[in-house]
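Sequences and hints are given; from them, build the entire structure.
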Amino acid sequence: MALSNVLQTPAAGFNFDNTARNEALKGLFEGAQAPKPLKTGTTIAGVVFKDGVVLGADTRATSSEVVADKMCAKIHYIAPNIYCCGAGTAADTEKTTELLSSNLTIFSLNSGRNPRIIMAVNILQDMLYRYHGQIGANLILGGVDCTGNHLYSVGPYGSVNQVPYLAMGSGDLAALGILEDGFKPDLELERAKELVRGAIHAGIMSDLGSGNNIDICVITRQGVDYIRPYQESEYKENRKMKYKYRPGTTPVLTEKVVPLKLEVVQESVQRMDTA
Amino acid sequence: NKMAATATMMPFFDQRVSSKHDLVPDWTGQEVSTGTTIMAVEYDGGVVIGADSRTTTGAYIANRVTDKLTPIHDRIFCCRSGSAADTQAIADVVTYQLGFHSIELDEPPLVETAANLFKASCYRYREELTAGILVAGWDRRKGGQVYCVPIGGMLVRQPVSVGGSGSTYIYGFMDSNYKAGLTKDQCLELTATALSLAMERDGSSGGVVRLATISEEGVERRVILGNQLPKFSTH
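Chain order of the listed sequences is A and B. So the first sequence is residues 1 to 275, counted in full-length UniProt numbering. So the second sequence is residues 1 to 235, counted in full-length UniProt numbering.
Don't read these hints as lab results, they were simulated from the structure.
Computed footprint of chain A on chain B, listed as stretches where at least three residues anywhere in the stretch have a Cβ under 8 Å from a Cβ of chain A:
1) 59-66
2) 76-85
Sample of chain A residues lacking proximity to chain B, with all beta carbon distances greater than 10 Å (derived):
3) Pro80
4) Arg197
5) Lys236
6) Thr249
Where a beta carbon is used, it is the ideal one built from N, C-alpha and C, also for glycine.
Structure below.
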């Protein structure tokens, strides 16, 4: 990409100059509302069960009132035994989890060990705390490692909570109601999947920012079962992918042919050298 | 109709205020705070520390079973109040610094050292941090000690100290019920009662009561669940 300023290479990492500018501009608005940052609604949930962890998410990504993506993947891969659900600003959750995944892969290759969930949590906490909440990522980390089955939530300011069941996003209140009612320690796999499905479903039904399908990810010692979609939305439209009209649909009323008169102004012959 | 009229009449529309048009309710943007009640009491031979278990983001309870009693070293704990992110970060930093110091010395660290490390971080970054911390523990030199490091980074040793948003409701109770020379069990009862009273009145405190006793023998932790808390009634 050609830069207008070639003498100064851009500084590495994030640039928060605009935050200072936005703060300064707030005072100029004089009572009218300052433009709000775009938030994506979501319902994500996680439950620790007897043999591992179940994570669930809806698949709607919104841009204000418009559904930008009906099948977006909110359960991100971190490591073979660790997955992360992300709520908040879509770009932030995507890139933060990718960075985390890269760092953990490098660690695995360097040390020859499988990463632990607490390591992922610490890396995320460090990074988000350093940016003082400017990275809008609300994450649910879940996984199974040699120390057991773990579920953590990490907030945008860098606060960490370890709990047996969690919901985050704009639909979290609805989802949490289902989880509080149905959760018991050491659930069986099918019961745990049903609980998470019910929680996400409650979020989808009660929150405008969540909707469409439900994705489920089951992580156990034996491996990962990423079921996408686990449950499809009952409101699916059948679109014709091709919109082609049969010849004759539009009747031709009149036809007029006008030949273009061209004069030869100049003629030059150039031999092509094929040697 | 009535709601909409009120909204447009408001002259200053702070970004924090939730409006009907929000797809995402505004508590998700607020910082996570441990609006809290924490307490620490010295007795002859150790300390008793206690905390509630509520963490809030605005009006929403993000975690109703938080553990605000964080171990810094084998016989030194801290009680955290204020911003959850800030206090977790400071506690991590001090745990590292104290652990390093202890290995260098080849001796268990002093509670006063831990308290000074907290003060150093809280005072230096006082403009950026919101952290009110109680440092409590046992060491061989001075026995059980409680140090208070409130917002701003002051450091003072006190025989009994309360902190957090719920502490304001129990100063009267503490002034009238604490006396020097209490036994360990009396301290536990005092702490549980004080925390229950604060949790009853303060909206930002609640959940369960977590207690810990730190002495030469070690650390003993217990939890008092919501339905087992002492009950009071003014009506």
